[in-house]
Amino acid sequence: MKNLPAYIVLLPLCSALLSLALSKIHKHLGRDVVFGALAGSLVLSVVQLVRVIQNGPIHYVFGGYKIPYGIEFSVDTINAVIVIMVCTLGVLSCLFAFNFDKNGDALQVGGAYTMHALLVLGMVGMTMTGDVFNLYVFLEITSLTAYCLIAMGGSRGIVSAFRYLLVGTVAATFYLLGVGILYSVTGTLNMSDMAACLKQGNNDSAMLMAMMFLIAAFGIKMALFPFHGWQPSAYTHAHTGARPLIAGAMGKIPAYAMFRYLYCIYGKDFKYFRYVLLIIGVISVCGMIYGSVRAMAQKDIRKVLAYSSVAQIGYISLGFAIGSPLALAGAFLHMLGHAFMKGGLFFAAGAISWKYGTFDLNDFGRIYKKMPFTAGLLTVGALSMIGIPPTVGFFSKWYLACGAAQTHEYVYIFVLVLSSLLNAVYFFKVIEKVFVQADKNRKPLHPEGKGVTEAPITIMIPVVTCILMILLLGVFNVKVIDILLISLKGVAL
Amino acid sequence: MILTALDYRPGIIVLLPLIASCLIYVLGEHIRPNYREAITFAAAFPMAALVYSMIPAALAGKEIGFTLLEIVKGVPLQFSVDAAGMIFACVASTLWIVTSCYSIGYMRGHGEKNQTGYYSAFAMCLTATMGLCFSANLLTFFIFFEVLTVATYPLVVHYRDEEGTRSGRKYLAYTLISGQLFFAGIVILYSFTGRMDFVPGGFVNTGDIPMPWMLAVFILMIGAGIVKAGVMPLHSWLPAAMVAPTPVSALLHAVAVVKAGAFCTLRVVLYVFGPEAARFCHGSEILAWMAVATILISSLIAIRKDNLKARLAFSTVGQLSYIILGIAILSPFAATGALYHIVAHAFMKITLFMCAGAIFVTTHRKNISEIIGIGRQMPVTMTCFTLASLAVAGFPFFVGFTSKANIIMGAISMGQPFFVATLIVSALLALTYLMPVVLLAFKRDFYNSQFPVKKEASLPMLIPIMFTAACSLILGVMPNFGLHLYDLAAMAGNAIFGLSL
Numbered sequence: 001m002k003n004l005p006a007y008i009v010l011l012p013l014c015s016a017l018l019s020l021a022l023s024k025i026h027k028h029l030g031r032d033v034v035f036g037a038l039a040g041s042l043v044l045s046v047v048q049l050v051r052v053i054q055n056g057p058i059h060y061v062f063g064g065y066k067i068p069y070g071i072e073f074s075v076d077t078i079n080a081v082i083v084i085m086v087c088t089l090g091v092l093s094c095l096f097a098f099n100f101d102k103n104g105d106a107l108q109v110g111g112a113y114t115m116h117a118l119l120v121l122g123m124v125g126m127t128m129t130g131d132v133f134n135l136y137v138f139l140e141i142t143s144l145t146a147y148c149l150i151a152m153g154g155s156r157g158i159v160s161a162f163r164y165l166l167v168g169t170v171a172a173t174f175y176l177l178g179v180g181i182l183y184s185v186t187g188t189l190n191m192s193d194m195a196a197c198l199k200q201g202n203n204d205s206a207m208l209m210a211m212m213f214l215i216a217a218f219g220i221k222m223a224l225f226p227f228h229g230w231q232p233s234a235y236t237h238a239h240t241g242a243r244p245l246i247a248g249a250m251g252k253i254p255a256y257a258m259f260r261y262l263y264c265i266y267g268k269d270f271k272y273f274r275y276v277l278l279i280i281g282v283i284s285v286c287g288m289i290y291g292s293v294r295a296m297a298q299k300d301i302r303k304v305l306a307y308s309s310v311a312q313i314g315y316i317s318l319g320f321a322i323g324s325p326l327a328l329a330g331a332f333l334h335m336l337g338h339a340f341m342k343g344g345l346f347f348a349a350g351a352i353s354w355k356y357g358t359f360d361l362n363d364f365g366r367i368y369k370k371m372p373f374t375a376g377l378l379t380v381g382a383l384s385m386i387g388i389p390p391t392v393g394f395f396s397k398w399y400l401a402c403g404a405a406q407t408h409e410y411v412y413i414f415v416l417v418l419s420s421l422l423n424a425v426y427f428f429k430v431i432e433k434v435f436v437q438a439d440k441n442r443k444p445l446h447p448e449g450k451g452v453t454e455a456p457i458t459i460m461i462p463v464v465t466c467i468l469m470i471l472l473l474g475v476f477n478v479k480v481i482d483i484l485l486i487s488l489k490g491v492a493l
Numbered sequence: 001m002i003l004t005a006l007d008y009r010p011g012i013i014v015l016l017p018l019i020a021s022c023l024i025y026v027l028g029e030h031i032r033p034n035y036r037e038a039i040t041f042a043a044a045f046p047m048a049a050l051v052y053s054m055i056p057a058a059l060a061g062k063e064i065g066f067t068l069l070e071i072v073k074g075v076p077l078q079f080s081v082d083a084a085g086m087i088f089a090c091v092a093s094t095l096w097i098v099t100s101c102y103s104i105g106y107m108r109g110h111g112e113k114n115q116t117g118y119y120s121a122f123a124m125c126l127t128a129t130m131g132l133c134f135s136a137n138l139l140t141f142f143i144f145f146e147v148l149t150v151a152t153y154p155l156v157v158h159y160r161d162e163e164g165t166r167s168g169r170k171y172l173a174y175t176l177i178s179g180q181l182f183f184a185g186i187v188i189l190y191s192f193t194g195r196m197d198f199v200p201g202g203f204v205n206t207g208d209i210p211m212p213w214m215l216a217v218f219i220l221m222i223g224a225g226i227v228k229a230g231v232m233p234l235h236s237w238l239p240a241a242m243v244a245p246t247p248v249s250a251l252l253h254a255v256a257v258v259k260a261g262a263f264c265t266l267r268v269v270l271y272v273f274g275p276e277a278a279r280f281c282h283g284s285e286i287l288a289w290m291a292v293a294t295i296l297i298s299s300l301i302a303i304r305k306d307n308l309k310a311r312l313a314f315s316t317v318g319q320l321s322y323i324i325l326g327i328a329i330l331s332p333f334a335a336t337g338a339l340y341h342i343v344a345h346a347f348m349k350i351t352l353f354m355c356a357g358a359i360f361v362t363t364h365r366k367n368i369s370e371i372i373g374i375g376r377q378m379p380v381t382m383t384c385f386t387l388a389s390l391a392v393a394g395f396p397f398f399v400g401f402t403s404k405a406n407i408i409m410g411a412i413s414m415g416q417p418f419f420v421a422t423l424i425v426s427a428l429l430a431l432t433y434l435m436p437v438v439l440l441a442f443k444r445d446f447y448n449s450q451f452p453v454k455k456e457a458s459l460p461m462l463i464p465i466m467f468t469a470a471c472s473l474i475l476g477v478m479p480n481f482g483l484h485l486y487d488l489a490a491m492a493g494n495a496i497f498g499l500s501l
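So the protein lines, in turn, are chains A and B. With my numbering, letter number 268 in the first sequence gets 268, and the count goes up by one each step, no holes. With my numbering, letter number 88 in the second sequence gets 88, and the count goes up by one each step, no holes.
To be clear, the hints were calculated from the coordinates, so they are not data collected in a lab. Some clues are possibly wrong.
Partial pick of chain A residues on the chain B-facing surface, computed with a CB cut under 10 Å [unchecked claim]: (1) H59; (2) Y60; (3) F62; (4) D105; (5) G111; (6) I367; (7) Y368; (8) K369; (9) P372; (10) F373; (11) A404; (12) L421; (13) V425; (14) I457; (15) K479.
In silico DSS-like cross-links for lysine-lysine, where the CA-CA straight-line distance does not exceed 25 Å [what the hints assert, rightly or not]: (16) B:K73 - A:K479; (17) A:K370 - B:K113; (18) A:K299 - B:K113; (19) A:K429 - B:K170; (20) B:K366 - A:K433; (21) B:K113 - A:K429; (22) A:K440 - A:K369; (23) A:K479 - A:K429; (24) A:K369 - B:K113; (25) B:K366 - B:K305; (26) A:K433 - B:K73; (27) A:K429 - A:K440.
Remember, it's a predicted structure, so these values are computed and weren't measured experimentally. Yeah, the Cβ is synthetic: ideal placement off N, Cα and C, and Gly gets one too.
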């Protein structure tokens, strides 16, 4: 098992290649292979986390080339946890997608699962890599597959995908520019090597320039305000089967990459570090408020959730901006928690649309009568978004607020409070629709009997798993925080 | 708190209604209503028994409880039993049985919809309330406080109509905003002091937090409590929530919600800040004057209300401020009185509300002007109503007297004649707004053809009314009857101010 990090990436890659070919034999053979491979990756990533906790960080070098010339995967506790999150969401949304691949020929169906596997591969690679250029490669894999999956969501999906393509290409270019500046200063592409070189040299203005490019690049990719323009329509019109994965996990990985640059490569010795943090803090705060305000005005639940993501990604970058160990741990807890919240909410919305073919909130009136479990789970997810204990949303907010109090940035505490209240406004609007307001004449897509009829089990498993994860991460958050703090101790402010 | 004995009973007490709530939500629509209500009682009776079984330990001053796990870094999820929590737990668990029995009569007699959701949310409220009673630190307390906020919401919007929706929004706006500010207060307090656990007499030293900040933290933290307790000018959600069915009003006013607010204020003022720090930052003064204003204004508003439940709601707003005033006076007597008023008000007000509900179910009338002469039709109900009214007015030998006398003694000992005057005036005002109802119901001149025959509400409604009315009489004569609630209140009051019994 010396090659563990490589296997986690290779399994989805192989299944992606096989999926297309196998779907020629049978329409659904490809998806089974992809599902199996992603499940395998998930198991391996759990094994990896256990090993990292026991033996310390893993530094895996591809092909035996020496560092800093070869490509390195460096896995510490933080990205080991994030890889598990990505793989879990990958598996769940693959299972979920089973219900939405009835249309289309074998090639389209197989292709969708190929893209799905490649998207997971790209995100996992981006998380684990220890090489700045390799990160670019995985970033492009992630982006290209995401463009495809968004374009598969029908005619509006194509427009959204094209828009994302234009903006995303700019982001990739910015990233390359940033890396180019850093490479010209240090002459290395390996992250830890680069960090060491940057500490020795006196290149503060070049570093600041590069950092601005990187913030813009990652800001676009993670849909951080004010770079979020592409995101709401992309999340809304993406392929239904892939939406939870795209919305749940895709924004988090660039955020983690940003953390890497900020704290692992630049570090707190960087002369302008405080200013950079202040800039990130200000845009996070603006994003948290802007995203929530826009979300209030939406009638489509996909748009509500998409704009809420703009706000929630602000929590994560706010944690980076505060920078104390607790705040960083809170940011990562929120990264995990929010992935499952958003994933779970999109799964639940998918369950409703599977039955009634609608995402319009006005059609959700008293849907709890027909789908009490979905409604209940949706409520727990929404409460977690608001930050009501004992869900994980509350605890990540707690750590962020405590971190802010540690560094005496009390303004951030009140921003968190304000943001929770704004979240409450539109999530209680959803809850009100689901439980209180009168039902419209919904027409079921699938024949249903009297009384309770839930969506099929392959939809319910992802919903239940995500909501359970929200509660488990909430109640046992100290375990997660401990694991995260192992790696955070050295780098935090 | 340092625990002297490991005991899992508080945890079981919190868990019982939680399980009941989930079971009712999942099974409620699939089983017969009788079985569904059986689940409620299957949780309520053992829960009450467990609460009572801990009274001896609490009376002996033993700290029992347990630590479940570390809920956030450095702060455990901890339950423990102390005298103050015990009082609230006794009241809530006893009244849950009473209200459940009454609910069955009311909800069926009135043919209500959404009963499954109702019983499920009700049980969830009890989970939160029990959690509040036994929380040993601020964070545990806050978790259950927020759960209570959310669990009450479905009850407020029970009818699912326009008005209910509006009240629900109002309720959420008030409670969530104040809850989030409470959260900010806890975080800031924790960052200054590094402590969370409730200590009788508080753990905040006057030098811990620089002065303007200290008052700010104090206000942030009591905000949540006084919103739930309906202190003016933050009370308007409470009368709006009267659109819900009467048993919900009973829960809100007597069993859980507003009491949780008063209890929260008690914990924050006397167990976190403590008398010294509260006096030092002038927070208690602000609190006391707000309470005084509320007592007087709410009574005046109550006089003008024709809707019986609205009149009772404003009476609650005033009565809860007695508790807040008792806390804010910062003397052992007043604290004892405040704690005992939690008991007193619960029994008096639940009786009044259940009477109003009984009248509504039998006659479908809500307004006082429409029920003139009702005493002829419903003599038992109206007798109970009379007893509870006298108790609210603080007549001797009724439960309201004991608590008020203590608060007045506290005010005298602290040299606050204006507070004494307020309490006395408000007793007279209480007579002014409750006695007309009794007089109009019973005066022979008003007996008319509207209510010619004797026809009481059904037994499941009548028995709880008689029980709580009897309690408010018995506890008035013998404050220690049964559960030793007065001793517990006195113990807590003395512990806070460092006196031995």
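Open item on the list: Hint by hint, where does the structure go against what was stated? Just the numbers, ascending.
Closed with: 1, 2, 3, 4, 5, 6, 14, 18, 20, 23, 26
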